[in-house]
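For the protein sequence lines, the chains are D and L, in the order given. Counted the way the numbering used here counts, the first sequence spans residues 1 to 214. Counted the way the numbering used here counts, the second sequence spans residues 1 to 457.
Hints are computed from structural coordinates only; laboratory data are not their basis. Just so you know, even glycine gets a beta-carbon here, dropped at the ideal spot from N, CA and C. Hints may contain errors.
Going by beta-carbon spacing under 8 angstroms, a handful of chain L positions derived as facing chain D [stated by the list, open to error]: (1) Glu335; (2) Thr344; (3) Thr357; (4) Arg358; (5) Val387.
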Amino acid sequence: MKTVRRATREQDIVRLVFLLDRAGEDPPPDAPQTAVSCMIGQMRLQALDFWLRNPDYLANELLTEYEEGRMGPEALDEANTILDNREPVIRRFPMTRWHYGAYEPLDNALAMLSYPQLVEIRVDRTAERVRRHIYYLLAEGRKFTAELLASGDYFAWYAERAELIGRLAAGAGGARLKDRQYQVNTYGAAKRGALIASIEPEVRARLTKIESEL
Amino acid sequence: VTDFVTAVATRAEASEKRAEAVLTEYGIPLLSPRAVRRGLTVERLAFSGTKTIEDRAEEPFSFERHFTTGVWCVTSRRNLVGKSTVLNLILWALRGQPGPLRADVRGWLDHVELDASVDGEEITVRFDVVGGSPRGELIRRSAPMSPLAAFDSHDSFERAVAGYIMDRLRLDPTRFWQRRPNDPEERGDQRLLGWQSYATALYIPEASFGAVLGEQTISGQAGILLQVFVGVPWTATYHAARVAERHAAQQRSVGQAAAREAAQARGSRRADLEGRLVAAQSTLSALSPTPSASEIDDAVGAYQRAAERQGALSSQVIDCQRELEAANILAAEDEQYLLDLRETLAARPFFAKLNPTRCPRCEHELGAERNEREAQTHHCAVCDSIVAGQEDAEEAAERLAAAETQHADTKTQAEAMQARYTALSEQLAAATAETEALRREVDRLTGQPAQLAAWQN
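If we strip away everything but chain D, and leave its shape as in the complex, we get (with noise of 0.2 angstroms):
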């Protein structure tokens, strides 16, 4: 490829939408008035935008879930089917590695979001000063998301894999899920500012073996 590709203005608001509608929390009592879903933290919602915007290391991530045993065998044919799909190199959005992994910037992609008030964005300060961004999913986003996957196919998708990443990431703090991504080799060898690379090989080999010795 010539050039990286980019996602369009859209398709990163499409994403991020769907990530607050379907991976988020129940939102807590001190919450906006009309919000149906939250998200604490930037770098929880960076790294569940990695799983989306990465369907390889997507899959790896399933099937760790399945070798330690958090996930049953519908872990092996998620895996299968992002595999067959070939959503590794179609729905692929490489990413740069910065400091703290892959980050890209969203706020553009919030504002959008967030002057038609569908999400609601505060900025938490903790005694300790640490600055804490939380998400919420107004009622009129859960609307936005329920008009687009009604409009048509194209974001079905989207929605069935911010569900399972949902599910992938529960309890786990945006931390613990940075350190999980960086135990992937690939993703930790990568140099500050070079894009992570694809793992995709190695996921469809390690999923054959392990298919082998069920």
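Chain L: place on chain D using the hints.
Below, chain L without anything else, positioned relative to chain D:
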């Protein structure tokens, strides 16, 4: 002499000269000495020492007895007082080996002396016992009185007395045949009975010993001892002949067995050689006649052409693989672009409806008039920049159609390239196999020395 040799020659239907030669060769005595009376009389026994038993006081002892002519009995009211010791000491002094004498008793002894008359000659055997071993001498007391032999071990003691007594009594060792124990072919060996056995001829051992006469339970030995003792004529000749006969028979059967084995070995060697001959002949017939130079040239030419074809195909496959990879990347890029376009166009109408209600920077309410102004003057409601005209539906549809066509084209190209790559790979595999076969043919035609070596092996 003549009578015995003549009798043998007659029975064997051979010349007397031949019979004598064979008998001599096998060491068979041709004479039987006339039986003569040979006297051996024990006249005095004396011994002394110290009886040492653990936890009991040492008990020095000393014994001396002269035996006059006649039969003597050794008796006692009690057991374990040394009756057997008296007899066993007489035997030790006459044979040189302690034999059945108890080892502890031997350890108590300091000195032993025995006077005897051997075929009329008076002798004395006297020795000290040092650490269980004898050290002493054999003396002739008859005139002229002289020492006959000195000894300092069991063996030298035996040689001294046995040599003197056998010579004095004109006794020869008797040959006998002893079977090897548990030998399946019942083979045996030639043995000699000498003074050690002769001396026990009239010695009746303890019941637990197992032998009636003598010390050994070997079959036939007691008979030999009696024959020697009594002086039966031809005893030595008879036993020597028997041993020679058994020995010869055994040699014959060993020879026959060896011959059988040799014949078997020859037979299997022959079968082996015949088998190898058949194999060699079939190898030879499988080999085509010596190939001519033109045959070799043709084969080498065919091989070279096949190898060139293989090489050419190999580089085509490599090129094709590279092109296939490029085509796949191109098709994937077009597919990605198509997907991006479809998703973007599908999402766009929803975003167009999302009118900002407040500034995303400062969160100020924008108010309705800003949105109205944007619609009329094409100035952005948020940043006031001029808004480029939105792509209309028709343009978008054209762009989408172009992307679809483009994707269909590159996908078709990639598929065609994949088919070409598969076909070329199959051709390469076939060409490789053909080249290998032709190479083997060249090897076969030109590789005679190697084949010859393999065949000889």
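Evaluated hints:
no. : hint   : verdict
1   : Glu335 : holds, 6 angstroms
2   : Thr344 : holds, 4 angstroms
3   : Thr357 : holds, 6 angstroms
4   : Arg358 : holds, 6 angstroms
5   : Val387 : violated, 14 angstroms
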